[in-house]
Amino acid sequence: MQKRIRNFSIIAHIDHGKSTLADRLLEYTGALSTREMTEQVLDSMDLERERGITIKAHAVRLNYKADDGNDYILNLIDTPGHVDFSYEVSRSLASCEGSLLVVDATQGVEAQTLANTYLAIEHDHEIVPVINKIDLPAADPAKVKTQIEEAIGIDCSEAVLASAKEGIGTKDILEAIIKNVPPPKGDENASLKALVFDSWFDNYQGVVVLVRVFDGTIKPGMKMRLMAADKSYEVTKVGIFSPKMTDTQSLSAGEVGYIISGIKNVADTKIGDTVTDAQRPADKALPGYKEIKPLVFCGMYPIETHQYEDLKVALDKLRLNDSSFNFEPETSTALGFGFRCGFLGLLHMEIIKERLEREFGLSLISTAPTVIYRVTTEKGEILYVDNPSSLPEKFLHIEEPYVKVTVFVPQEYIGQILELCQEKRGTQKDFNYITTERIMVSYEIPLNEILWDFYDKLKSVSKGYASMDYEFIGYQESKLVKLDIMLNGENVDALSLIVHKDSAYYKGRQIAEKLRQVIPRQLFEIAIQASIGGKIIARESIKAMRKNVLAKCYGGDITRKRKLIEKQKEGKKRMKQIGRVEIPQEAFLSVLKVKE
Amino acid sequence: MTGSLYIHIPFCLSKCNYCDFNSIPFKQQLADRYIHALITEIKNQSKDAPLINTVYIGGGTPTILDPSQIQKIIQKIRQNYNISDDAEISIEANPGTLDRTKLESFIISGINRISIGAQSFIDDELAFMGRRHTALIIDISVSYAREAGFTNISLDLIYGLPKQKVQQWKDNIAKAILLKPDHISTYELTVENGTPLAHDIINGKYTMPDEDDISEMYYCGIDALSAAGYIQYEISNFAKPGYECRHNINYWNRGEYIGVGSGAHSFCSGVRRSNTRDIKKYCELIETSSDAYEDQEIIDEKGALKEIIFLGLRKCEGIDLSVLPNEVSEKIKKAASDLVRSSLVCFEDERMKLTQKGFILSSEVIVRVLSGIE
Chain A
5 MQKRIRNFSI IAHIDHGKST LADRLLEYTG ALSTREMTEQ VLDSMDLERE
55 RGITIKAHAV RLNYKADDGN DYILNLIDTP GHVDFSYEVS RSLASCEGSL
105 LVVDATQGVE AQTLANTYLA IEHDHEIVPV INKIDLPAAD PAKVKTQIEE
155 AIGIDCSEAV LASAKEGIGT KDILEAIIKN VPPPKGDENA SLKALVFDSW
205 FDNYQGVVVL VRVFDGTIKP GMKMRLMAAD KSYEVTKVGI FSPKMTDTQS
255 LSAGEVGYII SGIKNVADTK IGDTVTDAQR PADKALPGYK EIKPLVFCGM
305 YPIETHQYED LKVALDKLRL NDSSFNFEPE TSTALGFGFR CGFLGLLHME
355 IIKERLEREF GLSLISTAPT VIYRVTTEKG EILYVDNPSS LPEKFLHIEE
405 PYVKVTVFVP QEYIGQILEL CQEKRGTQKD FNYITTERIM VSYEIPLNEI
455 LWDFYDKLKS VSKGYASMDY EFIGYQESKL VKLDIMLNGE NVDALSLIVH
505 KDSAYYKGRQ IAEKLRQVIP RQLFEIAIQA SIGGKIIARE SIKAMRKNVL
555 AKCYGGDITR KRKLIEKQKE GKKRMKQIGR VEIPQEAFLS VLKVKE
Chain B
7 MTGSLYIHIP FCLSKCNYCD FNSIPFKQQL ADRYIHALIT EIKNQSKDAP
57 LINTVYIGGG TPTILDPSQI QKIIQKIRQN YNISDDAEIS IEANPGTLDR
107 TKLESFIISG INRISIGAQS FIDDELAFMG RRHTALIIDI SVSYAREAGF
157 TNISLDLIYG LPKQKVQQWK DNIAKAILLK PDHISTYELT VENGTPLAHD
207 IINGKYTMPD EDDISEMYYC GIDALSAAGY IQYEISNFAK PGYECRHNIN
257 YWNRGEYIGV GSGAHSFCSG VRRSNTRDIK KYCELIETSS DAYEDQEIID
307 EKGALKEIIF LGLRKCEGID LSVLPNEVSE KIKKAASDLV RSSLVCFEDE
357 RMKLTQKGFI LSSEVIVRVL SGIE
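Chains as they are written, first to last, in this note's numbering: chain A, 5 to 600; chain B, 7 to 380.
Please note: incorrect hints may appear among the correct ones.
[Stated by the list, open to error] Short, incomplete list of chain A residues facing chain B, as computed with Cβ under 10 Å:
hint, residue
1, Ala70
2, Gly560
3, Lys565
Hints in this document: simulated from the structure, not taken from any laboratory. By construction, the Cβ of each residue, glycine as well, lies at the ideal position given by its N, Cα and C atoms.
Using the sequences plus the hints, can you model the full thing?
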């Protein structure tokens, strides 16, 4: 049975055509007729389709009759494509024996692709190179092949040339998978061991768990145990995605599919956990399980205080489907009641915020994202600070999280990239020519420094050609201070920031200046002050509003006038009143958008 | 019961760069069809109409029409409505579309007030706005109007043009005063989305004067006009005593009015309605059915209170709180208490008024009062 199974994933940079290729494979193997195809079937969340990225993992079974006359089962495990979700990627990869490495014939290898390819190689994957978009006039497959060989060291002599858009090379890809990706080698008779690589909450079925079975068999009626969570459930259904959810009798070693077992809370199904038979448990869980911890934090507050309960309900609901973010209540003197939320990264944060606003109709203020600092108090206690306003006034020392950032860049932009990394307090760790034209550099940089605009800047200084990846490496001591902002003499805690001492003065001035630009004039003058440890380091003022008047009322059109007034009234509602000052939403993020 | 009648003429010689009003360049054939529909609608709307105190023929540029067509319109109105003896009958005009014959014919038709869209007395500014006249033509138009027998002439002026300096605005006001109109309206230029001006501003071709300059223009306009004997009776309107525009006052007082023509608005029995703005569609609708309404809104008690506030506060006399239910007037007073402290609002004998400073911040003030009573 297992020798007719192939489990594979697709590694590609954003826009290199992963989703289109997946669609093409589905279509070719008849999993979906052309008529049934909505574009990019696998990216089913609206947000995913809009942003062209995959946020959650997916698994689809394809049936394929190969040229050797045999029928094969191919399981395609689609993985998230963003650095925020690298743990999920690693678990998806652990569920497969091989990967398609899809590289755009006009763009070449990117940092993200490389990082994921290395990850796949670490998981002993056979890599099947696919050069995509060969139909484009700018395509240079030969050059891209050399690049892959030089950068990754895999043989490209049999790389498949394809155009997913035009349907070129689809069959060759399928044949290459059969030929090169090894079949699973599990023991069907051993105790059950299945790897959880995704899970989500379904309103009708409860939690749906996606697994790859390594050993043994799982069937409805069985009692299963999640080893890390240490919880047992009765299996009610198992099945596969074809791509529609289809129940089956069982899932055996080598197979990929879903389990439904009356689990109510998605947080109980941790990605990377091992499912085993409660009656005949495996003695050891599958390797690689990690408890994932948020790296990036921000406060989320409803603009209208009465939406606090709605926000809580919405966060609870989202967490049902995404256990990788967390939240706990916090209070801000400026913003009232809200939540401090933790995310895997910035994209993750943006996605959650967008979903809260879009799917739950909330209007929110989110404070500037921050990392979690490790503070040693004078008494020698260790505090983890995820909100600048809770940094104690006195402490022994403070440490901040560092990441190792890997950047791939054509050599003509290397100067600007090095400058950018230096500016962000980076220490160079590696500098290699991958090919004669492409360089890989790695830096140790405080996570805080890359939070906001690093990626945008990286793209802009390299005209879009540089790509990056990062991983958390640990805490290091830093000279950090708290920068406070006051409006008309009142400290606005939600605007506080923790910044490096050397740039504190500059940042204080920049933020004061930026706030002067984003806070609209009001009926009175507003003083903006930035301070460090009570010492004022910058001040600005916003002059009182001089005029705000609607022009003539034309031909008795009172309705239009009323609408204009209502629009102004709505605009006012979207602002947060702090003391007497009304502050627009963007002010809370503008503190991060200061020039270096 | 008394009310007003508004007649819309949606044609102009050409479109000005700041204009997003309901108007299109003049075409004879379409104009003939339109007037025909208009006359039908005048008749259709007359059922249950109140006694008409004011008639306003606005646009567009009504004076672009042949005087006989204006005559026909007025005749039709007189045939179908009760017009009070001392009715104010206004026509809106652009300089350059006026000649002696036209003006005399208006007088004969019974039109007794003319509102001339002067906008500026600086030729460069006029050219910038895409106006088709020069300062000299304004002078001539005003003297022709006087000669024809108009005893109630109003001039419209616009301030706050890109690059305009306070001094230029002062010059404009001074020149307007020299012509001794009976009424002057001064409007700040509003940049409306979708106009050529908005496009130029977005593209950085022009920048608008800053808030401080605009407010200075507003104040020096008021000073110059009051020194010349014009009494401010609304945010943008000034008149010699007895020459206030009764038609507009009726709007602000929430009196009833019937609007006829494309895009015209009506307010009768607590319902606000508007006709379709599309001229061809308007003609079709009137030719095939009895009206051309596109939107209607029933003003409930809450809506009426909002209107009382935002319309009433535009007038210098403000709002009469004594006619409102006690709890409502208390609520308003409470909502305005901060604004009184900031000298934007004042209370005098149960009337709530904006101060001079309140006028130029009126939108802010009104929004605060409305939010406060919610």
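Results for each hint:
1. Hint status for Ala70(A) relative to chain B: violated, with the closest Cβ pair at about 59 Å, above 10 Å.
2. With 10 Å as the threshold, the beta carbon of Gly560(A) comes within range of chain B, its nearest partner Cβ sitting at about 4 Å, so the hint holds.
3. Given the 10 Å rule on beta carbons, the hint for Lys565(A) holds: about 7 Å separates it from the nearest Cβ of chain B.
The structure shown violates just one earlier hint, number 1.
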